[in-house]
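K.L.:
Listed below, chain by chain, are the residues.
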Amino acid sequence: MRIRFIALCTGLLILAAPAAAQAKSTITLSGSTSVTPLASKLAKAYVKTKRGKVGFKILQGGSDIGVSDVARGRVTLGMSSRDPLPTDPGGLRFSRIARDGVCIATNAGNGIADMSQDTVQAIFSGRIRNWSDVPGAGKSGAIDLVVRNPASGTQDAFQNIFMGQNLRVSSSASQRPSNGRVQQAIASNPNAIGYVDFAFTKGLHTVSYKGIACSLRNAKSGQYGGVRSFWLVSRGAPTGAAAAWIKWIKSAKARRIIAQNWVPIK
Amino acid sequence: MEVRGAQSSKSWPLVDRIALWACWAAGMLLLAAAAAIVIYMGIRGIQYLRPEQIFSSPQADLDQSKSGGFLDPLIGTFILTVLGTLLAAPLGVAIAVWLVEYGRPFGLARLVESGVEVVAGTPSIVLAIFGLILFSNGAFKILSFQAEGGSVFGRSFLVAGVMMSLIALPLVVGGTREALQAIPRHVREASYALGKTRGATIRRVLLPAARPGIATGTALGMGRIAGDTAVVVILLGATQQLSSFDGAPWPFSTLRGTGSTLTSYVFNNSPAGEGNAPDKAYAAAFVLLGIVVFLNFAVDTIVRRRGAPAWSE
Amino acid sequence: MTTEVARGEARFSGLARALREPWPDRRTERVLAGVSSLVLVTIAGMVLFVFVKAWPSFSHNGLSWFGSGGNVDQQLGDIFNSPANPDHYVYKLRAWPLLYGTFITTAGAVILGTVISVLSAIFLVEFAPRRVRAVMGPVVRLLAAVPSVIYGLIGILVIVPFVGNHLISSGRKESVINVVQLTGASLIVAVLILTVMITPIMVAIVSDALRSVPRGWTEGAAALGANRWRIMWTVSVRAVRPAIVAAAVLATARALGEAIMLSMVSGSVGFAPNPVDGITFFFEPTRPLAATIVDNADGLSVEPFGQTLYAFAALLLLSAMALSLAGWAAKQPLKRYGIGV
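Sequences listed follow chains A, B and C, in order.
FYI, the working numbering numbers position 243 of the first sequence as 243, with every residue one higher than the one before it.
FYI, the working numbering numbers position 180 of the second sequence as 1180, with every residue one higher than the one before it.
FYI, the working numbering numbers position 323 of the third sequence as 2323, with every residue one higher than the one before it.
Since the hints were derived computationally from the structure, they do not count as laboratory data.
No residue lacks a Cβ here, since even glycine has one placed at the ideal position from N, Cα and C.
Hints should not be assumed to be uniformly reliable.
Here are a few chain C residues that face chain B, going by a calculated C-beta distance under 8 Å [to be verified]: (1) Ile2122; (2) Phe2127; (3) Asn2178; (4) Ser2263; (5) Tyr2310; (6) Leu2317; (7) Leu2318.
To spell it out: a stretch of chain A is covered by chain C in this simulated footprint if at least three of its residues, at any positions, have a beta carbon under 8 Å from a beta carbon of chain C; those stretches are [said to hold, decoys possible]: (8) 58-67; (9) 146-154; (10) 200-211.
Taking lysine-lysine pairs in the BS3-like style, the calculated list, with each CA pair at most 25 Å apart, reads [claimed, not checked]: (11) A/Lys41 <-> A/Lys220; (12) A/Lys266 <-> A/Lys53; (13) A/Lys44 <-> A/Lys266; (14) B/Lys1141 <-> A/Lys53; (15) C/Lys2092 <-> B/Lys1141; (16) B/Lys1141 <-> A/Lys24; (17) A/Lys247 <-> A/Lys220; (18) A/Lys266 <-> A/Lys253; (19) A/Lys266 <-> A/Lys247.
Could you put together the complete structure from these sequences and hints?
P.N.:
Here it is in structure tokens:
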């Protein structure tokens, strides 16, 4: 009798294991840590409208990882906070979903009011090494630079918008793999300065750039200079559930979600 | 009776007295380190742990007051520990039984013994990325799931559980071996004299007698699984809440899905991760420490209360 | 027995009977041996997979993979940003700063740890008063059981800010600012916490061995007039030297494999601390191999970068295997004297 019972249970388990008719599709995303908060919000809202027919899994790693992953078919969509580059793998389609700002940030105790492009370039390239050489700084002492690692789209955006084509960030700058960690590093170090995505400035002091404050309103009006686009990357034209989601992102409901903290596209 | 040389250290030469103080210092240092860890975690835990954190799920929110507690990571730790132990225990007992009771050919036995030591010494990060290579292969998509676009995700509770069982395996083998070796030979001989086969002796006489040792080894293994972070960070999919795969019925939906554990929650909320929430990290670390201490100590006490076996004089 | 039950039993004849009746010894032995060999298959598989994945990185660099030359973080960045064409993948790496960082962190922790463990083990076995001795057993096991992420948490929230804000002066920071930034996360914090993590393993092994030294040896020394310390040092510790070696080897394997705690406190910069800098040497950040893998784990899927990370893992695997085997071999002579380890 016991054998029969055990055989029955084992049979049930073996039948249960393989996927039954897959009623739900899963979309996997990877890439930019800047896009992740927006993508999570949009994913959550979309799942609610679709009543459980779609699931999302979001990994991070930086824009370049997102682009590389989707090119090799490892994820459904990549998230990128930098524009397409000529060195990107071929056959990729970039779909713009929002615009966003990059802010220069210092520790809350260092209330420097404004920086010109020349000051930013001088500090981040290592030409100026001490806070006492920076006009308007609330501190003295060695400047600690906090930047992003090479995979980051925010780093690409910072390089292109603030540093220009000829200058590079100092090689002794401390690299972090995500916006959250840069935020953490600046918040705990009185002498630190770095750049973060607009959504990650809580607890830090944001520095006005060229006289314009780094705020959502200034980004929306186009006055703030450090604005870049958010993209969803697919291999070829998006298909299936991914295409449906990207189409939904252009709807009015999604734009309202985007407008909470980011700049929707017209 | 203890061996006592010159009783009072006052008569010792200076070099020996300095050495004595050094020994005392080393011992006190260890005691102080342990006390510091326990007391500090205790203070921070009591300061930051709120009961509702244990029962609410984490929410992804940049605002800390809305980001919830750590129910899902707690469940994740539980699932992973049970899964890893379920896989490691039978395997570990089988290996230990073979090593102690059979062990022929000798070359193979030595190889297996050193193999278990090698697994014990392998860094968990290497085990984790080996698991990633192995289970991202299409042949193993039954263990995780296949995303839109055709790639096997390669990360899930099942995948992490399999690698975790490798981490617990050497401890189970060690505990079972010690227990089996402690059983005197006359017990086995009595069983053979009564006509039982070796297999039956193992199953009906030796293993039940070795139960305390097996339990200790298993509990130590569970403690190590609960405390491991590297495998979780790489193989569990990094979703804060338990996120199941709905293509299969329960329990496979959860097991083939992703989630997090207390260890990855603490890591992610510390300054080394994204969360920037040291108070949540402390609270979760306090709970984690409690679980690990329980697994390492209380189980041992419970097991020891069973009393001496029948053949000890 | 009714005919229905008899028919039911007959239906499950083959498999059921084989499972219910006692197994012949030979079958039991073969099945168990097969299961045990799974361990060897797993290890072989692991070595094979990791080395096959790691091979391109080694073959493109040759022996200079282990050498120094340039900023290793920059080289990793270049590898990461390789063009998409497999023919143009960049593999150039000079991993010396990472190897050096791993080496000094591990060596520092093991040397410090061995000294403290041997002294503590002697204390535990010989000099501790009975009440302290009863407490120390659980204490050592507690320290061994604490998860590495908790060590890392205390390190990064308490020790690193303390070192960064109070022990590193602004002058010291400025003296090296051209090359590296000094925050609190540094070599000395990494070595200290790693020492605390590996000491319990060693104390357990050494104290067990000390306790098993044959009574006759120590009593003989006592009869000759040696004091307690002399007995311990000249007789017992001498006798358990293989155990100390085994303990140190196993602790080295543990220290090599520690990834999470080190990634939290050692500074996350691929920098080789420079002994010429004097005291500043201890405050410079570094990043051992295992921590490098954890820090860059997101990039495992990007081709040449992932292969470079697997090359690091291959190195770790090889070292850990060699150390585990050496530790196991070092424990064998002890069995000869009945010193059970």
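K.L.:
Does each hint fit the structure? Answer for all of them.
P.N.:
Against the structure, the hints:
1. Ile2122: holds (5 Å)
2. Phe2127: For C/Phe2127, the interface hint holds, since the closest Cβ of chain B sits about 6 Å away, which is under 8 Å.
3. Asn2178: violated (26 Å)
4. Ser2263: Hint holds; C/Ser2263 Cβ to chain B Cβ min 7 Å, cut 8 Å.
5. Tyr2310: At about 7 Å, which falls below the 8 Å cut-off, the nearest Cβ of chain B leaves the hint on C/Tyr2310 intact, so it holds.
6. Leu2317: holds (5 Å)
7. Leu2318: violated (10 Å)
8. 58-67: It holds, with 6 qualifying residues against the three required.
9. 146-154: That given contact holds, which follows from 3 residues of the segment 146-154 of chain A lying within Cβ reach (below 8 Å) of chain C.
10. 200-211: Contact hint for the segment 200-211 of chain A vs chain C: violated, 0 residues under 8 Å.
11. A/Lys41 <-> A/Lys220: holds (20 Å)
12. A/Lys266 <-> A/Lys53: violated (29 Å)
13. A/Lys44 <-> A/Lys266: holds (23 Å)
14. B/Lys1141 <-> A/Lys53: holds (20 Å)
15. C/Lys2092 <-> B/Lys1141: violated (34 Å)
16. B/Lys1141 <-> A/Lys24: Between B/Lys1141 and A/Lys24 the Cα gap is close to 16 Å, so the pair holds against 25 Å.
17. A/Lys247 <-> A/Lys220: holds (22 Å)
18. A/Lys266 <-> A/Lys253: The given pair, whose Cα atoms are some 14 Å apart, holds under the 25 Å limit.
19. A/Lys266 <-> A/Lys247: holds (14 Å)
Violated hints, in rising order: 3, 7, 10, 12, 15; the structure is consistent with all others.
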